[in-house]
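Following the hints, put chain B in place on chain A, whose structure we already have.
Protein chains in written order, with numbering that gives the first Met the number 0: chain A, 0 to 339; chain B, 0 to 397.
Quick caveat, the hints were computed from the structure, so don't treat them as lab data. Among these hints, one or two may not hold up.
What the hints assert, rightly or not - Below, computed lysine-lysine pairings styled on BS3-like, alpha-carbon distance capped at 25 Å:
1) A:Lys61 x A:Lys38
2) B:Lys183 x A:Lys125
3) B:Lys183 x A:Lys123
4) B:Lys183 x A:Lys38
5) A:Lys38 x B:Lys156
6) A:Lys125 x B:Lys156
7) B:Lys89 x A:Lys123
Since the structure is predicted, the reported quantities are computational estimates derived from the model, not experimental observations.
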Amino acid sequence: MAAPTMDRTSSSAASPVQTLTISKALNNGLRASMEANPKVIVMGEDVGKLGGVFRITDGLQKDFGEQRVLDTPLAESGIIGTAVGLAIRGYRPVCEIQFDGFIFPGFDQIVSQVAKLHYRTQGKIKLPIVIRVPFGGGIGAVEHHSESPESYFAHCAGLKVVSCSNPADAYWMIQQAIDCDDPVLFFEPKRRYYEKGEVDTTVAPGPLFASRVLRQGTDVTVAAYGPMVRTSLDAATAAAEDGTSLEVIDLRTLSPLDLDPVFESVRRTGRLVVVSEAPSESSIASEIATRVQQECFYSLEAPVLRVTGFDTPYPPSKLEEEYLPDLDRVLHAVDRSLAW
Amino acid sequence: MSSPEQWTHPEPDAAPAATAAKPTAEQVIAGLRATDEGGADLVQLLTPEGERVQHPDFDIDITAEELRGLYRDMVLIRRVDREANALQRKGQLGIWVPLLGQEAAQIGAGRAMREDDMAFPSYREHGIAWTKGVHPTELLGIFRGTDQGTWDPVARKFHPYTIVIGNQVLNATGYAMGQKFDGKVGDDNGEATMVFFGDGATSQGDVHEGFVWAAVYDAPLVFFCQNNQWAISEPTERQSRLPLYQRARGYGFPGIRVDGNDVLATLAVTRWALEECRHGNGPILIEAFTYRMDAHTTSDDPSRYRLSDELELWKLKDPIERVKVYLVKQQWADQAFFAEIEAEADTLAEELREFCVNMPDPPAERIFSHVYAEGNPVLEAQRDEFLDYVSGFAGGEH
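For reference, chain A alone in the conformation it holds in the complex (with noise of 0.2 Å):
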């Protein structure tokens, strides 16, 4: 798949590197892929005149005119079955789900029909589809609207699963998923939406379906996404002031996984401890616990480590700092790997 061509808008034009938050990081580039493509449409609830309940497509459909940004009927599975006809009939829909616990209504359009077509037609039909989740707690909220449903996903076969960490990979992997000609399911961290981070908006720091080391270690590895790199990395900072080196890998696809750079890691350090604010039965977390013991046995030094969320229904926001993972959690399980 080849990176999204440089025909970019004249801000990003005047200078290649700027500081932006993930909002206007993915903003920027759904607007960039819209200017590529006159195929690629955004739909969703409250996508247009609004711009989102959290501003992601702010301004879209004044400059794109609302047959390319639906602001659509309020009925999840409509946005996903109308995509699939859309994509049909040759579009690349950008379908935004409101909240992460919204998704069931669509999700038997998601499994049943965006999941299997091509694999049903034999490649006849390709449903180039992404479809956007703000995820994850952390924002004080009511219920359905801080769940990691991203596990459901995973496990089905015919979609591809990321999710973006930072400003950076906010603007690329977006525009990286629109090209894609599988439907992918575009996790984001609604609570970093508003951290900064420099954004190179000539060159992508890498293909879509690949993880990453952020930080290089020697005694412990941590595997983490979305929200939960930044979590990881400031345990990073902590325990190196305790002499402890972290090795922190951003996962950034969950499906497929791309295991290759933690095998690699693990087999130098020998532990690994997986971090996600999804409960941790059957999770993201297990499959990799899973695929670590099997590649790199004989180098493992103490069992892989969770850090997730519990295996409970989200809780009430007053208690979310105790169900999210946090740096302690984190230290205190790689404390765990280290004394085994």
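Quick look at chain B alone, frame taken from chain A:
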């Protein structure tokens, strides 16, 4: 043709008894659970006895040749259906989904479409497939378990069979929105889409959402509901208090109930609906009032939930017999013509049999093929491991 009376001037206070999905008191006493009466709003142009009748809103000019063509379509597709049913009984197909009794609904609707019109079927639409040029042999793999439909849905304008009830209604709505966004709607050359579903599907949320979306986006979409009175064992009264076509009014578009056993009426109503859609006046709901003369599938046993008396009533409304009677009365066809069609049906049935029993099983690699458009290294490793395992057996067999 303007919108029919029944939609533009609805009478909400009118007692629904005559048109409701529920059986009449007499039918209940007789033990029947599904009505055979389409009610006063039923559009009919050819009675079960083969009499041409007039309708104030719909008519059709049909030549002898066209009607002979419709007769041929229905006879051939019925033969295909019976042959496939027999192939299942002989163990050559895992399952078959009979269309017996619904030939007029499908041939009438299918022949109303133009080549550019897109069709989204459920799984019983063998007659629609026929009108779209998808040969019956191309359907067999789905039911034999060798594939999941091999035709090119985009080139043939015939979407894959959809088995999850109602899913295709939203997919069709999106496709029709795309036709509109592409500027293909608004004049005689416009395109339209038609989606097929049953009475049971009308309870699905996806069908409701499809109605909402098509309405607010003015999609050029004909919702073609074949009300065959039974969703496996559940009669239509389990799906709706209101006659199904009347639901359209709540969504703001026309709903028409047509005699689905009358190929002329179905053709006339569907042609009108597609014309409305291609000119930008969609969507439209058509309820084709018909009857599932056979089981839901070859795995079903209708004797557990309906009386054969009901079947006997509907036999008198056979979609093919009435056309045959009319053709003879008009002297548009003679015995030689009917014999010729029978012979053609025999040949087609033989072709189907021959094709079916010679279908090869797919190779093991097929499990892994085309899961993704751009590949997946994790899956490819799993495939290679499995194929390596298989090849470890003598002669590659296991």
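Going straight from one Cα to the other, do Lys183 (chain B) and Lys125 (chain A) come out at no more than 25 Å?
-> Holds, at about 22 Å.
Are the Cα positions of Lys38 (chain A) and Lys156 (chain B) separated by 25 Å at most?
-> 20 Å, holds
Straight-line Cα separation of Lys61 (chain A) and Lys38 (chain A) no greater than 25 Å?
-> 17 Å, holds
Hint consistency between Lys183 (chain B) and Lys123 (chain A) [alpha-carbon to alpha-carbon, up to 25 Å] | 23 Å, holds
Quick one, are Lys89 (chain B) and Lys123 (chain A) close enough, alpha carbons at most 25 Å?
-> 32 Å, violated
Regarding the pair Lys183 (chain B) and Lys38 (chain A), is the alpha-carbon distance no greater than 25 Å?
-> Given that 25 Å is the threshold and the Cα spacing comes to 16 Å, the pair holds.
Is the straight-line distance between the alpha-carbon of Lys125 (chain A) and that of Lys156 (chain B) 25 Å or less?
-> OK: Lys125 (chain A) and Lys156 (chain B) at ~15 Å, within 25 Å.
Checked against the numbered hints given earlier, this structure breaks only hint 7.
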